[in-house]
Amino acid sequence: MNEAVLTVTDHGGWTELTLNRPDRLNSFNEEMHGALAAALDDAADESCRAVLLTGAGRGFCAGQDLSARANAEGPLDLGSTIEAFYNPLIRRIRGLNKPVICAVNGVAAGAGANIALACDIVLAARSAKFIQAFSKIGLVPDSGGTYFLPRLIGDARARALMLLAEPLAAETAAEWGLIWKVIDDAALMDEARALTARLATQPTQGLALTKAALNASGGNSLNDQLDLERDLQREAGRTPDYREGVKAFMEKRTPNFTGRRS
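Residue numbers (our numbering): 1 to 262.
Keep in mind the hints are simulated off the structure, nothing from the lab.
We put the beta carbon where it would ideally sit given N, CA and C, even for glycine.
Just so you know, not all the hints are guaranteed correct.
[As the list claims (entries may be wrong)] Listed next, with one range per pair, are the computed distances between beta-carbon atoms: (1) Gly57 with Gln233: 41 to 51 Å; (2) Ser262 with Asp155: 37 to 47 Å; (3) Arg243 with Ala4: 43 to 53 Å; (4) Gly218 with Ala169: 19 to 29 Å; (5) Tyr147 with Ser47: 29 to 39 Å; (6) Leu78 with Asp41: 22 to 32 Å; (7) His11 with Lys136: 33 to 43 Å; (8) Ala213 with Pro75: 40 to 50 Å.
Take the sequences, apply the hints, and build the full model.
Shown next, in the form of structure tokens:
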């Protein structure tokens, strides 16, 4: 793994991934895509029970690095970039069998904004801004933006943000329900790490199944979702952490969850 573009820190039970191209506002090139994909694949291991994603320097992520395309001749097939890199990234984050927390430490623009929104819990520095910057260069929002935004904040706000490409302040993003919480800049990483460490002590399989239920909810009828809840609850009830949780409840003590499947 290339530490030059992605820093991976093992905190013992959870992993911190830091996009590390601060001179380019952590915009993506193929090298960083590859490093992040590999790190997320590694994080699927049972020994990792939560993931924190953040950015180095003054911004979280400015989306795609456009410098390599500035002098390109003829039309580009941007769909191939989406298919090869961004779509798999969003699917990795949403499908990862544990919580993914995002600490947005500055601007999150274009694909960078939507990658943050793909995470399970988003904390943002008070100075952070979210920008659907695609219309400024004649593009369509990608990386799940047209899926996430209408569901999170409603159609009217999503349309305005995408068509106007105006920055959305972190405090407004929290008020609208786009993100979980705003934190003072100096305290962001301490709180994000504490939250991730806390989640890494919880019943990981139950959290993964909850995530699966939420991922399916948007496309399911009520009857389909009720059936899914039944099936996932059956699976959760067979985990060691369920048994430990009940035992700890009855004994009036703090449970010691292991996160194991069996």
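Hint by hint, work out which the structure violates, then give me just those numbers in ascending order. Of the numbered hints given earlier, the structure breaks none, since each of them holds.
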